[in-house]
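Visitor: What follows is the residue order along each chain.
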Amino acid sequence: MEGYEFFVDPSRCIGCRACMAACAECDTHRGVSMIHVDYIDRPNTIATTPMVCMHCVEPTCALVCPADAIKQGEDGIVRSALKPRCIACNNCVLACPFGIPTVHVGPDLMMKCDMCYDRTSVGLRPMCATVCPSQALTFGPPDVIARQRASRPTRDFRFGNEHVKTKVFMMMPASEPVVIVDVEDYIRRGPDGPEGWLVDDASLG
Amino acid sequence: MAKPPLPLDVIAHTHGPHLNYEPPGGWEESTRRPPDRLAKTHCSFCGMQCGIQLKVRDEQVVGFEPWEAFPFNRGMLCPKGVKRYLQGAHPDRLLTSLVRTPSGFVSISYDDALDLAARRLSEVKEKYGADAVAIYGGASMITEKAYVLGKFARVALGTKNIDYNGRLCMVSAGTAYKLTFGIDRATNPWTDLVAADVVMIAGSNTAECAPITTHYLWQCRERGGRLIVIDPRMTPISRNADLFLPVRPGTDLALFLGMLHVIVRDGLAKQDYLSAHTTGFDAVRASVEAWTPERAAQVTGVPAANIEKAAHWLGETDRAMGIHARGIEHHSKGVENCLAMLNLYLATGNVGREGAGCMMITGQGNGQGGREHGQKCDQLPGMRSITDPEHRKYIAGVWGVEPESLPGAGLSAQEIMDAIHRGEIKALFSMCFNPLVSLPDANFTREALSKLEFFGVIDFFLSETAHHADLVFAGSMHEEDEGVVCSAEGRVQKINKAVDPPGDARSDALIICDLAKKLGKEKYFSYPSTREIFDELRIASKGGIADYYGITWERIDDELGVFWPCPEINHPGTRRLFEDGRFYHADGKAHLQVSEWRESGDRRDADFPLFLTTGRVISHYLSGTQTRRIGPLVEQFPEPKIELHPALADKHGIASGDWVRISTRRAEVVVEASVVRTIRPDTVFIPYHWPGRRSANLLTHRTLDPRSKIPEYKVSACRIEKTTRPADIEAQRMEETGWVQGARPHTGKGA
Numbered sequence: 007m008e009g010y011e012f013f014v015d016p017s018r019c020i021g022c023r024a025c026m027a028a029c030a031e032c033d034t035h036r037g038v039s040m041i042h043v044d045y046i047d048r049p050n051t052i053a054t055t056p057m058v059c060m061h062c063v064e065p066t067c068a069l070v071c072p073a074d075a076i077k078q079g080e081d082g083i084v085r086s087a088l089k090p091r092c093i094a095c096n097n098c099v100l101a102c103p104f105g106i107p108t109v110h111v112g113p114d115l116m117m118k119c120d121m122c123y124d125r126t127s128v129g130l131r132p133m134c135a136t137v138c139p140s141q142a143l144t145f146g147p148p149d150v151i152a153r154q155r156a157s158r159p160t161r162d163f164r165f166g167n168e169h170v171k172t173k174v175f176m177m178m179p180a181s182e183p184v185v186i187v188d189v190e191d192y193i194r195r196g197p198d199g200p201e202g203w204l205v206d207d208a209s210l211g
Numbered sequence: 064m065a066k067p068p069l070p071l072d073v074i075a076h077t078h079g080p081h082l083n084y085e086p087p088g089g090w091e092e093s094t095r096r097p098p099d100r101l102a103k104t105h106c107s108f109c110g111m112q113c114g115i116q117l118k119v120r121d122e123q124v125v126g127f128e129p130w131e132a133f134p135f136n137r138g139m140l141c142p143k144g145v146k147r148y149l150q151g152a153h154p155d156r157l158l159t160s161l162v163r164t165p166s167g168f169v170s171i172s173y174d175d176a177l178d179l180a181a182r183r184l185s186e187v188k189e190k191y192g193a194d195a196v197a198i199y200g201g202a203s204m205i206t207e208k209a210y211v212l213g214k215f216a217r218v219a220l221g222t223k224n225i226d227y228n229g230r231l232c233m234v235s236a237g238t239a240y241k242l243t244f245g246i247d248r249a250t251n252p253w254t255d256l257v258a259a260d261v262v263m264i265a266g267s268n269t270a271e272c273a274p275i276t277t278h279y280l281w282q283c284r285e286r287g288g289r290l291i292v293i294d295p296r297m298t299p300i301s302r303n304a305d306l307f308l309p310v311r312p313g314t315d316l317a318l319f320l321g322m323l324h325v326i327v328r329d330g331l332a333k334q335d336y337l338s339a340h341t342t343g344f345d346a347v348r349a350s351v352e353a354w355t356p357e358r359a360a361q362v363t364g365v366p367a368a369n370i371e372k373a374a375h376w377l378g379e380t381d382r383a384m385g386i387h388a389r390g391i392e393h394h395s396k397g398v399e400n401c402l403a404m405l406n407l408y409l410a411t412g413n414v415g416r417e418g419a420g421c422m423m424i425t426g427q428g429n430g431q432g433g434r435e436h437g438q439k440c441d442q443l444p445g446m447r448s449i450t451d452p453e454h455r456k457y458i459a460g461v462w463g464v465e466p467e468s469l470p471g472a473g474l475s476a477q478e479i480m481d482a483i484h485r486g487e488i489k490a491l492f493s494m495c496f497n498p499l500v501s502l503p504d505a506n507f508t509r510e511a512l513s514k515l516e517f518f519g520v521i522d523f524f525l526s527e528t529a530h531h532a533d534l535v536f537a538g539s540m541h542e543e544d545e546g547v548v549c550s551a552e553g554r555v556q557k558i559n560k561a562v563d564p565p566g567d568a569r570s571d572a573l574i575i576c577d578l579a580k581k582l583g584k585e586k587y588f589s590y591p592s593t594r595e596i597f598d599e600l601r602i603a604s605k606g607g608i609a610d611y612y613g614i615t616w617e618r619i620d621d622e623l624g625v626f627w628p629c630p631e632i633n634h635p636g637t638r639r640l641f642e643d644g645r646f647y648h649a650d651g652k653a654h655l656q657v658s659e660w661r662e663s664g665d666r667r668d669a670d671f672p673l674f675l676t677t678g679r680v681i682s683h684y685l686s687g688t689q690t691r692r693i694g695p696l697v698e699q700f701p702e703p704k705i706e707l708h709p710a711l712a713d714k715h716g717i718a719s720g721d722w723v724r725i726s727t728r729r730a731e732v733v734v735e736a737s738v739v740r741t742i743r744p745d746t747v748f749i750p751y752h753w754p755g756r757r758s759a760n761l762l763t764h765r766t767l768d769p770r771s772k773i774p775e776y777k778v779s780a781c782r783i784e785k786t787t788r789p790a791d792i793e794a795q796r797m798e799e800t801g802w803v804q805g806a807r808p809h810t811g812k813g814a
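Chains A and B supply the protein sequences, listed in that same order.
First residue of the first sequence: 7, per my numbering; consecutive thereafter.
First residue of the second sequence: 64, per my numbering; consecutive thereafter.
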């Protein structure tokens, strides 16, 4: 879909897994989701985050593939491994900075999100972004996103010294030009919860 | 008597729950052959009533496709909506009517089932009187069925005792809105949430129980709007709360009284608005005088400064919205909670404009439509009162009966079960209701069911309650009916039929009408289809509060829904209520009501020092009759767990994954622990979708709100202790969902 881009806003995610449920409906990977939703730190927060393939400009998964099985289209979409080539070695699984590819035991094949190539090529939005009830996953024109969202899209990531550019945008607070990934930093902690509970201690039994 | 004819595991072997994972024919077939057609309809789960397209192949529902043109959800769905297609062509689907025999449930022909039901209902009526027969309806079915069921009770059986499972859902809000506004409907369309500066969410796990609302709320925040969330535990919607008020269960009323105190004290009440459009504010003002924020803080456990802050946020804007749900309504003072919340919006003039209003979120699929047209014990179609002589006369005229022949107000849902237990009601006929899982104090419910002389059920799966039935009609699923529902917004929508009922299953409405014929009332129930029922409903609602006269099936299709009231064919429908400053009372004013503070019905003491509260999770719907049969939804939440705070868990030496015994004055259950900081340390939470020995409703109590008759699910006194893994846990799981950890025992490929 010309002019449409994919945006991920983890702060909107409600952990409902509609995206995973919908992804698993695809005819090419029946009943198995290519994307995932994680609790960031369930003991301490209800916050969750969805992860789709970020479709790196220089995909690490393809760079480390010894069988040259992972191809990137002219549209920038990084495809699942080619079945005749993939040797299920797990290099891509280990190398991906976002934890996206998985090797599927049955077919012995690396499979991952291809941004619903089958749908976008016929003018439909990717399934996960279509159903997402919080629109943490959104597929749309960047100017519409700029108008409707207070946060700012970015596709520059730093993992330590590694600089990764992606096709998919991550929504960030406007003050953050580059995503510096230090997960612990983002987890809200406090001895008494976010606002403080007033509890009669005797009631704890 | 009406006890399960066989051990539950034997029944479960035949009737499930089994887990369905794949479309009929399996994935291979789905890949090989495209669907024959797409049916535009709505999801069967929850009051959002999202538009969805069902894929149909070989006259079976085989999948879904988002319906992006439908304005409310624009293709968005939660996992229940995505996987709902797996309920069709399910191996547990009832394909014939069943009769109970000593050797279990056996098939019976439809005609024989009708004869048996008519004979037994007539016998009970003859022997004990018409009111010894009770009818249960539900709010997850099309409005035409709700309407015809109400008429069936009053005209075919002549019993006053008909009520529905919306009694466990919307009635506190409904009662409050009628008292204050004179109308029982959400006041604003959902788009108004986006336009608000402040949205206060009280007792609503919005993200899990009304998932599509999330996008509206996030859009509000993108615009700079602020969210206040009131809840004893953090649910997903609270991740972006600007102010989180973790109330003690059962103290929402004190919070609202404290907020109104601050609004009055600090001169934030809109006196001009109150004088022009309302009555009762003087008494309300006097009633909150003693409710200083400090007192409210003491009762609610919320810091006084935050109570002040919430009051100021509401009082200092003219675009404040409120949404509330079962969290403030499932209380023995549920009506008072809602009344007090409405007072905050009226006092600050935040009613009847874009971005200003206060509304309930209806929980069930047709929670709104299901309560408008006559299956409530005290109502006639059009939201008319069954005790008002004019209303009785009008409906009697539409039905062609004498007004005197219509029974009066009957018992509410829990009161019906109480009367069964006392032996006063002898026969029950139930459709779209699974009270053994959804009513409080499940052991009491089980005892009551065993006392029935006749129990007939219409259902498409054999629910846990239906295990106790003498006769089960194989009825229709959502995708097998054509008719209307009313969404949480008040938008009347069209449910389109995707497929016919399979086997010897029949449309529920047809079963009701055929049964009425067997009871000798054919002339009142000769509808060729649900369309004719809807056309009669339009006339029956005409001139009532819930006026559908101007709504036709064709208009709904053309306009993608019509908001009631819609009194004339050329009327555009009413998206937002009270825009002209007029309310639905005869004097045109809103009537503010005083709410006095009361404690909850099941008080804590030294033996039961903790609060238990119950609710829902994202992947299950109500009593789980449907969602506990859908593999991917069960895998998402396979079984009930208890949420508790680490401070409480530490005192008992409990870690996540340990087993915990929760005891109340009625029962005890053993479930696994989930230790999380996101709940008050004095409160534990268990979701309620499961039956059997781990059913949360074994623990809850039967205290009712005196006006709405809603049970107090949201606060029970309890205690906890660490225990060991139950030896029979796998057997329990089989009866609950057919789910065994680490395995997929039933990969149904469809019938």
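These are calculated hints, taken from the structure and not from any lab test.
Each hint should be verified, as a subset may be incorrect.
To be verified - Just so you have them, the derived chain B footprint on chain A, three or more residues with Cβ under 8 angstroms:
1) 43 to 57
2) 94 to 102
3) 130 to 143
Computed from a predicted model, the values in this text were never measured in an experiment.
Glycine included, every Cβ here is placed at the ideal spot set by N, Cα and C.
Visitor: Against this structure, judge whether each hint is valid.
Guide: Verification of the hints:
With a threshold of 8 angstroms between beta carbons, the proposed coverage of the stretch 43 to 57 of chain A by chain B holds, since 7 of its residues qualify and at least three are required. With 0 residues carrying a beta carbon less than 8 angstroms from a beta carbon of chain B, the stretch 94 to 102 of chain A misses the three-residue requirement, and the given coverage is violated. With a threshold of 8 angstroms between beta carbons, the proposed coverage of the stretch 130 to 143 of chain A by chain B holds, since 8 of its residues qualify and at least three are required.
Violation of the numbered hints given earlier is confined to hint 2; every other hint is satisfied by the structure.
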